[in-house]
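Residue numbers (my numbering), protein chains in the order written: chain E, 44 to 579; chain D, 5 to 96; chain B, 2 to 317; chain F, 13 to 208.
Hints listed in this document are in silico derivations from the structure and should not be mistaken for laboratory results. You can take every hint at face value.
BS3-like, lysine-lysine: derived pairs with alpha carbons at most 25 Å apart: (1) E:K464 x B:K46; (2) B:K314 x B:K259; (3) B:K135 x B:K194; (4) B:K288 x B:K266; (5) E:K281 x F:K69; (6) B:K285 x B:K314; (7) B:K288 x B:K317; (8) F:K129 x E:K281; (9) E:K195 x B:K288; (10) B:K285 x E:K195; (11) B:K314 x B:K288; (12) B:K245 x E:K502; (13) B:K194 x E:K502.
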Amino acid sequence: MEGVGRMEAEGNGRGYLSERGWKSWAFTLDHKRIGAMYLWTTTVFFLIGGVFALLLRLELLSPQARYFSNHTYNVFFTLHGAMMIFLFIIPAIPSGLGNFFIPLHIGARDVAFPRLNLASYWVFAAGFLVIIGSLVAPMDTGWTFYTPYSAKSAAAVTTLSLGIFLIGMSSILTGLNFIVTIHKLRAPGMTWHRLPLFIWGMYSTSIIQVIATPVVGVTFLLLAAERIFGVGFFDPTKGGDPVLFQHFFWFYSHPVVYVMILPAMGIVSEVIPVFSRKPIFGYKAIAYSSVAIALGGFLVWGHHMFTSGMSPLANAIFSLMTFFVAVPTAVKVFNWTATLYRGSITFEAPMLYALTFIFLFIVGGLTGPFLGALATNVQLHDTYFVVAHFHYTMMGGTVMGFLAGLHYWFPKMTGRMLNEKVARVAWALIFVGFNVTFFTMFILGVRGMPRRYAEYLPKFHTENVISTIGSAVLAAGILVMCWNFLQGLRKGAPAPANPWRALSLEWRAASPPETENFPEIPLVTEWPYGYGTPKG
Amino acid sequence: MAHGTGHSRRAGIAVFVALLLLTAVTVLVSYVDLGLWNTVVALLIASVKASLVALFFMHLKGESRLVWGFALFPIVFLALILLGTLSDTMLR
Amino acid sequence: MDNVLAFGAASGQAGRVDALFVMIAVIGGFFFFLTQGLLIYFAVKYRRRLPDRDNETPAITGNPLLEFLWILIPSIVVVVIFYYGWRVYTDQRIPAAGATEVHVTARQWMYEIRYPDGRTAINEIRVPAGKPVKFLLSAADVLHGFYLPDFRVKMDMIPGRVTTLWVQPDRPGSYQIFCTVYCGTGHSNMLAKLIVMSPHEYEEWVEHGGREGDEGGEHEPLVVRGERILSNAGCLNCHAVEGKEKIGPNLRGLHGSKVPLEGGKSVTADEEYLRESIVDPGEKVVKGYPNVMPTYKASMPPDDVRAVVEYLKTLK
Amino acid sequence: MSDPSGEHGDPAVAFESAKLGVWTFLATEVLLFGALFTAYTVFRIRYPEMFRVEHAKLDRVLGAANTVVLITSSLMVVLGVDAIKRGKARLLEAYFGATILLAGVFLCVKYAEYAAKFHHGIYPRTNLFFSIYFMLTGLHGIHVLLGMGVLSYVIILSRRGRLSASYYTPAEMSGLYWHFVDLVWIYLFPLLYLVG
Numbered sequence: 044m045e046g047v048g049r050m051e052a053e054g055n056g057r058g059y060l061s062e063r064g065w066k067s068w069a070f071t072l073d074h075k076r077i078g079a080m081y082l083w084t085t086t087v088f089f090l091i092g093g094v095f096a097l098l099l100r101l102e103l104l105s106p107q108a109r110y111f112s113n114h115t116y117n118v119f120f121t122l123h124g125a126m127m128i129f130l131f132i133i134p135a136i137p138s139g140l141g142n143f144f145i146p147l148h149i150g151a152r153d154v155a156f157p158r159l160n161l162a163s164y165w166v167f168a169a170g171f172l173v174i175i176g177s178l179v180a181p182m183d184t185g186w187t188f189y190t191p192y193s194a195k196s197a198a199a200v201t202t203l204s205l206g207i208f209l210i211g212m213s214s215i216l217t218g219l220n221f222i223v224t225i226h227k228l229r230a231p232g233m234t235w236h237r238l239p240l241f242i243w244g245m246y247s248t249s250i251i252q253v254i255a256t257p258v259v260g261v262t263f264l265l266l267a268a269e270r271i272f273g274v275g276f277f278d279p280t281k282g283g284d285p286v287l288f289q290h291f292f293w294f295y296s297h298p299v300v301y302v303m304i305l306p307a308m309g310i311v312s313e314v315i316p317v318f319s320r321k322p323i324f325g326y327k328a329i330a331y332s333s334v335a336i337a338l339g340g341f342l343v344w345g346h347h348m349f350t351s352g353m354s355p356l357a358n359a360i361f362s363l364m365t366f367f368v369a370v371p372t373a374v375k376v377f378n379w380t381a382t383l384y385r386g387s388i389t390f391e392a393p394m395l396y397a398l399t400f401i402f403l404f405i406v407g408g409l410t411g412p413f414l415g416a417l418a419t420n421v422q423l424h425d426t427y428f429v430v431a432h433f434h435y436t437m438m439g440g441t442v443m444g445f446l447a448g449l450h451y452w453f454p455k456m457t458g459r460m461l462n463e464k465v466a467r468v469a470w471a472l473i474f475v476g477f478n479v480t481f482f483t484m485f486i487l488g489v490r491g492m493p494r495r496y497a498e499y500l501p502k503f504h505t506e507n508v509i510s511t512i513g514s515a516v517l518a519a520g521i522l523v524m525c526w527n528f529l530q531g532l533r534k535g536a537p538a539p540a541n542p543w544r545a546l547s548l549e550w551r552a553a554s555p556p557e558t559e560n561f562p563e564i565p566l567v568t569e570w571p572y573g574y575g576t577p578k579g
Numbered sequence: 005m006a007h008g009t010g011h012s013r014r015a016g017i018a019v020f021v022a023l024l025l026l027t028a029v030t031v032l033v034s035y036v037d038l039g040l041w042n043t044v045v046a047l048l049i050a051s052v053k054a055s056l057v058a059l060f061f062m063h064l065k066g067e068s069r070l071v072w073g074f075a076l077f078p079i080v081f082l083a084l085i086l087l088g089t090l091s092d093t094m095l096r
Numbered sequence: 002m003d004n005v006l007a008f009g010a011a012s013g014q015a016g017r018v019d020a021l022f023v024m025i026a027v028i029g030g031f032f033f034f035l036t037q038g039l040l041i042y043f044a045v046k047y048r049r050r051l052p053d054r055d056n057e058t059p060a061i062t063g064n065p066l067l068e069f070l071w072i073l074i075p076s077i078v079v080v081v082i083f084y085y086g087w088r089v090y091t092d093q094r095i096p097a098a099g100a101t102e103v104h105v106t107a108r109q110w111m112y113e114i115r116y117p118d119g120r121t122a123i124n125e126i127r128v129p130a131g132k133p134v135k136f137l138l139s140a141a142d143v144l145h146g147f148y149l150p151d152f153r154v155k156m157d158m159i160p161g162r163v164t165t166l167w168v169q170p171d172r173p174g175s176y177q178i179f180c181t182v183y184c185g186t187g188h189s190n191m192l193a194k195l196i197v198m199s200p201h202e203y204e205e206w207v208e209h210g211g212r213e214g215d216e217g218g219e220h221e222p223l224v225v226r227g228e229r230i231l232s233n234a235g236c237l238n239c240h241a242v243e244g245k246e247k248i249g250p251n252l253r254g255l256h257g258s259k260v261p262l263e264g265g266k267s268v269t270a271d272e273e274y275l276r277e278s279i280v281d282p283g284e285k286v287v288k289g290y291p292n293v294m295p296t297y298k299a300s301m302p303p304d305d306v307r308a309v310v311e312y313l314k315t316l317k
Numbered sequence: 013m014s015d016p017s018g019e020h021g022d023p024a025v026a027f028e029s030a031k032l033g034v035w036t037f038l039a040t041e042v043l044l045f046g047a048l049f050t051a052y053t054v055f056r057i058r059y060p061e062m063f064r065v066e067h068a069k070l071d072r073v074l075g076a077a078n079t080v081v082l083i084t085s086s087l088m089v090v091l092g093v094d095a096i097k098r099g100k101a102r103l104l105e106a107y108f109g110a111t112i113l114l115a116g117v118f119l120c121v122k123y124a125e126y127a128a129k130f131h132h133g134i135y136p137r138t139n140l141f142f143s144i145y146f147m148l149t150g151l152h153g154i155h156v157l158l159g160m161g162v163l164s165y166v167i168i169l170s171r172r173g174r175l176s177a178s179y180y181t182p183a184e185m186s187g188l189y190w191h192f193v194d195l196v197w198i199y200l201f202p203l204l205y206l207v208g
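Given these sequences and hints, build the entire structure.
Structure representation (structure tokens):
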């Protein structure tokens, strides 16, 4: 695939990767290097979190405690949840891929505040070090830290609170940086309606990070204060209200699922047109639905609390709002599907993962109304149905989007191509393993198995065994994929500047991009989805 | 970039005096028992003071719509977390 | 619409929840096959055929009517689902007149039941069929849950507050109760039963003093009786007989053994020690175990304690 | 919305970016205090009697004095920023120095109030009103401390001759932050000291 346009700088060696030595990384102000550091860090935590998940599945092979005590099981599911949420899925796409590609997408040399960007990474690093430090007395509270249990637990909750506060700060600063970057540093001619949809997703995400994260920050401060000073906001014996903790927690933690999913949706919106050779269908609808989801996401936090003894009015309002936030998500799915219509579709790994995202996200999305409707929520809440729904949207959604992005941009980030055959084998294993693991959990949930159970009644045995087998297949897929990435890094074929013949700006930079990104700031004259012929 | 002028200094001092007066008023009113109205009056005065600070000290008055947006935006969410939480705690 | 799902609904209310479930499943199923079908159909039909001519796709960028429709139709559908879900829920929350009230207090890791006439029990609620029951739920330490899957209902149990849950059990039978809010080490062992008896049996049971110990008859051997009480009173939620330890020490081989206590002393586990550990567990806490066991002074009469101790003595 | 430029070098873009960044940061701060204000409202509605009795234990004269101190410090910042816009770096340093001094006075008064409370056996754990009082004023106090740090940094920059009539972004931005700290206190004072 020889150069598509004369504008493109051909990859001349290692680009932004030329400089060597740890100092060139630790003190770098280059958004690409900072993004790469986030990607490495978060991927490691993804793998660690995955190991915990496998240990959980292993224990659930038998109804009775066999390999670990109940306490150990509880520690494992807490660590699985907390690591996956706070150290992988929240930072992975926004801070990792976002850092790398926002400036490249909008035609800027860097983010608005490069020093702040580096500081964000190190605050993040401090946060995860503190969290690792809290393992001296590992948490057994679940990643939701519900009071009063978390206020009484003998585990190092105070330390962990501090760690999550730091992670939150990093997240806020990154979001702030992106907002300003997108407002102020777009290349000439890059109007809002010429922005790639990934940028719309990232912008909406950043808004949520800036608005919602401080609330969870202060919530964890209050939890720490409750343990240190005996402050009683959440302590019923002092007149406090444990449910207030849940309000604060979910005011952040519900919008934050959109921090996870919106950038992934952005990636899918990038990948689908490129591999269908068609313009994206309904650009404005996709762009504005990202914003609508981000804002609407703030109105629905109460649906995590329908059985928490909330007032009937609050239950009704939050249920209604929950349903409305489903509409813009549905719109996106319809638009992606319509983009495929009359395309010329190829199935390279990024496209496979993007299509998988849509497929699994539809399952996750359509199981949402069961949980949004009050009466069925009362039945299904806190059962494996919720676990399955959550994993279909977050792992089937966000993680598949993340993998689509990694495969799509791997040539750009590293200057090397991946082995397509191995990538497809990995994809097949992941797809099958995922569905076997998590679809079974819907059945478990409908049959009434509560979540967070170290031991369970024998009648749930069969499904749990099937699910565990699925998780092994899934893990095998992930391993093959990791191996493929490492092989690609070491000896992948050199990548051209634009292997996928895509139109967005990052492909005009070299692979890997030079530190300055572009030889000169590009002048933008059209949107990035001009595929196809106008009168085809 | 607007440069400092005598006018902006005079405006700053005028706002300062207004803030002092309003502080005095709110303290004096608090000694009178108005029932629930004490809270309303106190919050009203505080909001006037806050607006003065934002408009003049923080130059919101002459800012672009973008900055206005970012200044007002969080207040919507403040209202949201308050009302959302109260819709539960007040009506249980 | 009873029994629409594979596992039985235990009440009319549950049937309505199932009907809602089926409705959402049908609507969801329709959209599932529509979207997934189109996705797969397009992916297959429009796969690349002519590598060198793949820029000859039509540049379709949108279709206002289509986009309007697929905003409008989902909006209507979700409002309908919301309304139905809300109605079923509201009806479910309003208790029928004349409900029997049962107080349930959760603590780590058991349910303490108190009936209006003062009877108490652990982890076992008995009610007559055909009469509404209202549970007044509370928690003594941390958040717990009260989930009756057969009735499709659950409610969190919150310290310092009373929440309520109401069911109309129609058919006699034994129904599982789960704790659904994570509450610590023993969370998954925090199980209880709702036993719905025919009105006639229930009357008889109440007249006999409403104790679980009595269905074995007067000539039941003490050890058999002790074993039954042990499993009914929730002891096994925290104490395994053998195998992997749960929250407290295992029971097999306990009698006669030397037990190290918190504070450095130790004691031989004789009958008196076992008795005391049941009615006043905080008095002598075994070294290395949390002091979390509640007292059984009120819920287990001396005869029953004696039976349990006799049974423990057989676990060699 | 101004035309995008994509260039870092442009000082006008840098100034606008910094300003937008600070306002975005302040949005975060609003929600940070917002959670505590929500807790305040919830408990005040639930326990009106406790709030009425307990708030009387606070010294409203000291609170008012501190309000005046903070408002004055805000004026100092306004005058300081105005000075550097006219190129008078020494004057900026003097005004910002005065601000830091006033912030110190504010914290001393706060310290005296805390000490008096502790002396009377009143701690954050005493009751919900004082839980809220200590959390809100404590969090605000931390902001004052941070503000003192930021203002000191601006003074150092100015002493090194880095600020001028054509480049005064750090002074302006630290000023925005300081006014916000003042603005939060404008609400804290009546809510905690004046109405119960």
